[in-house]
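The whole structure should be built from the sequences, with the hints applied where relevant.
Now for the letters of each chain:
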Amino acid sequence: MTLELSNDKCSVAPYLSVPNEGAPALIGTLCGVCDEVLLGVRVACGNCGNRKNLKAVKLSEKGKLYAFSVVYRSFPGVKTPFVSAIVDLEGGGTLKGTLRNVEQDPHSLAQGMPVDVVFEEIDQKDNKGRPCTGYFFEPADQDQRG
Amino acid sequence: MTNVVIVGTDMIKFGRFPDRSIEALGAEAALMALDDCGLSIHDMDAMYCGNLMYAPHMIGQRIMKEIGQTGIPVMNVTNACATGAAAIREAWIGIKAGVYDTVLCVGVEKMPKGLLDPGGEDDGIQREGILGSGLMPCVFAEAGMEHSLKYGTSFEQFAGISVKNHHHSTMNPKAMYQIETPLEMVMEAEMISYPNTKLMCSVNVDGSAAAVLMSEDKAREMGLLNRAVRIKASSLSSDPYSQRNHALSDWNSVTRLCARQAYEQAGCKPEDIDLIELHDCFATAEMLHYENLGLCEDGQAGRLVDEGETTLGGRIPVNVSGGLLSKGHPIGATGIANVVEIVTHLRDEAGERQVKDARLGLTHVVGAGAACAIHILERIE
Ligand SMILES: [Zn+2]
Chain S
0 MTLELSNDKC SVAPYLSVPN EGAPALIGTL CGVCDEVLLG VRVACGNCGN
50 RKNLKAVKLS EKGKLYAFSV VYRSFPGVKT PFVSAIVDLE GGGTLKGTLR
100 NVEQDPHSLA QGMPVDVVFE EIDQKDNKGR PCTGYFFEPA DQDQRG
Chain X
0 MTNVVIVGTD MIKFGRFPDR SIEALGAEAA LMALDDCGLS IHDMDAMYCG
50 NLMYAPHMIG QRIMKEIGQT GIPVMNVTNA CATGAAAIRE AWIGIKAGVY
100 DTVLCVGVEK MPKGLLDPGG EDDGIQREGI LGSGLMPCVF AEAGMEHSLK
150 YGTSFEQFAG ISVKNHHHST MNPKAMYQIE TPLEMVMEAE MISYPNTKLM
200 CSVNVDGSAA AVLMSEDKAR EMGLLNRAVR IKASSLSSDP YSQRNHALSD
250 WNSVTRLCAR QAYEQAGCKP EDIDLIELHD CFATAEMLHY ENLGLCEDGQ
300 AGRLVDEGET TLGGRIPVNV SGGLLSKGHP IGATGIANVV EIVTHLRDEA
350 GERQVKDARL GLTHVVGAGA ACAIHILERI E
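Which chain is which? The protein sequence lines are S and X, in order.
Residues in the first sequence are numbered from 0 upward in steps of one, following numbering that gives the first Met the number 0.
Residues in the second sequence are numbered from 0 upward in steps of one, following numbering that gives the first Met the number 0.
Source of the hints: derived by calculation from the structure; they are not laboratory data.
Since the model is a prediction, treat every value here as computed from it, not as a measurement.
Among the hints, a few may not be true.
[What the hints assert, rightly or not] List of simulated lysine to any residue pairs, SDA-like, C-alpha gap at most 20 Å: (1) S:Lys124 to X:Asp122; (2) S:Lys54 to X:Tyr240; (3) S:Lys63 to X:Arg243; (4) S:Lys124 to X:Gly119; (5) X:Lys12 to X:Met31; (6) S:Lys57 to X:Ser252; (7) X:Lys355 to X:Ile315; (8) X:Lys149 to S:Ser107; (9) S:Lys63 to X:Leu148; (10) X:Lys149 to S:Lys124; (11) S:Lys78 to X:Leu115; (12) S:Lys78 to X:Gln125.
[Said to hold, decoys possible] Taking CB as the label site, the calculated pair distances span: (13) S:Lys51 to X:Glu348: 57 to 63 Å; (14) X:Met57 to S:Val32: 42 to 48 Å; (15) X:Asp305 to S:Met0: 47 to 53 Å; (16) X:Met57 to S:Met0: 46 to 52 Å; (17) S:Asn49 to X:Glu179: 53 to 59 Å.
Heads up, the beta-carbon is just placed ideally off N, CA and C, and yes, glycines get one too.
The structure is reproduced here in structure tokens:
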């Protein structure tokens, strides 16, 4: 597993692999010394400083809501309200992102709520004119989870 | 190593000064601090200037051009919201090391209005709203929600902190605002990022504050010890690794690490402290720091608010100045302004808002990124 960046597309985050061919993927680094999973490709482990036993891994696209806020005021042009969410991924790694397809009501959201990570081209182009691939959180598809 | 004392300190009334230059604001506080101890710029061996927004522009030297270009070493310090406290700490290190006897610290800021841009990629993509919100009201809301989801801390309890700090500032003529904000008013104010309403966000203001630090021996020699306050601890930390740190700013580990070192250095416990000025950049932040600074067991912070323990007259008054929520938060000046407040109480000169028999006070700031700085100050008997 490696982090790939297409020449024709840009990525919304340094840990989001956007290859020329195939699906985007969340990339992390597994430390062989302390077993921590870190976001993105790392030259050293942020937890223990180890530089040798590091392995790039694909992170899960399923996780659980850990914390959130409903954002009502943002920069001009940014549509509000939206839910800013912190999600713990299955198997390690924690991501921040926007949680969609939920009620914008803090009382209807619960810690531990299962969510999926979905990839999507966002409605913006970078300053080289390239489309940008992003990711969002959505409530997990209960049927598929069984 | 010598003890370090603060011999002079003062701040301007925080506000908005569109017609004044940043160096004029800095110079005013610097001269006030010098006057507070009866010294002149010629008595200073070095100067540390804390400023964030104009960091590349040699604000320290520009202030010296206003108050006297004596040619002493000037260092410009920046460390996010821990900037002013970092300037104090650098001066403390210089005096501890024996390089300087007397150092002037100035913190000054002219703030842009509204939401601060946290910076980031410059590829033309607006990530705000896509990757959640990177704006400070949300970042601190998420940290507050972590506490709320774990311990059941309520919106009302968070709002209570803002009620308290606004109440305190009615007794502080140097605060930006002197208005009472009842609970309903705080809770019904515009919601910025749940649970932080507009009245639960610190005020972006302009301001400056300054302090003159001196070795204790020199202060004794100059007859300046009677109004001096001793720095019992100066502690600075960066954020140690924590699992969610890349996604969720962790203000807890960085403060706990810094606090442990500060209490150890001062040889005291949280229960020995008489008053605290802590980093209430948002109401949610103050809640977390009650536990981070050891004022109560984990999960008990909401109870401290309910029982008024951190209100003036309570067991451990917090942000009697009005805090960042009502006194205002001119970033580079904030860390020195909270030193000004503690010194004022330890000198028994705080008037209406005086914490009775204050002997030990603690200042705390955190900077996003992250940094935490804590100073423990002691009245000299
Ligand atoms: Zn490691």
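Verification of the hints:
1. Pair hint S:Lys124 plus X:Asp122 holds up; C-alpha atoms about 9 Å apart against a cutoff of 20 Å.
2. For the suggested pair S:Lys54 and X:Tyr240, the alpha carbons sit about 19 Å apart, so the restraint of at most 20 Å is met.
3. Note on S:Lys63 and X:Arg243: the hinted pairing holds, with a Cα-Cα distance of about 13 Å set against a maximum of 20 Å.
4. Among the hinted pairs, S:Lys124 with X:Gly119 is consistent with the structure: their alpha-carbon atoms are about 17 Å apart, no more than 20 Å.
5. A hinted pair counts as satisfied when its Cα atoms are at most 20 Å apart, and X:Lys12 with X:Met31 qualifies at roughly 12 Å.
6. Between S:Lys57 and X:Ser252 the alpha-carbon distance is near 28 Å, which puts this suggested pair outside the 20 Å criterion.
7. Only pairs whose Cα atoms come within 20 Å are accepted, and X:Lys355 paired with X:Ile315 is accepted, the gap being roughly 11 Å.
8. A threshold of 20 Å between alpha carbons decides the hint, and for X:Lys149 with S:Ser107 the separation of about 16 Å falls inside it, so the pair holds.
9. Straight-line distance between C-alpha atoms of S:Lys63 and X:Leu148 comes to about 14 Å, which keeps the hinted pair within the 20 Å bound.
10. For the hint pairing X:Lys149 with S:Lys124, the CA-to-CA distance comes to about 39 Å; that exceeds 20 Å, so the pair is violated.
11. Our distance criterion of 20 Å between C-alpha atoms is met by S:Lys78 and X:Leu115, whose separation comes to about 18 Å.
12. For the given pair, S:Lys78 sits about 12 Å from X:Gln125 by alpha-carbon distance, which is consistent with the 20 Å threshold.
13. Taking 57 to 63 Å as the suggested C-beta distance range, the pair S:Lys51 and X:Glu348 conforms, at roughly 59 Å.
14. In this structure, X:Met57 and S:Val32 meet the distance hint of 42 to 48 Å, their C-beta atoms being roughly 44 Å apart.
15. The given range of 47 to 53 Å is respected by X:Asp305 and S:Met0, whose C-beta atoms sit roughly 50 Å from each other.
16. Evaluation of the 46 to 52 Å hint for X:Met57 and S:Met0 yields a pass: the beta carbon distance comes to about 47 Å.
17. Distance hint for S:Asn49 and X:Glu179: a CB-CB separation of about 55 Å, consistent with the stated range 53 to 59 Å.
Comparing the model with each numbered hint stated earlier shows that hints 6 and 10 do not hold.
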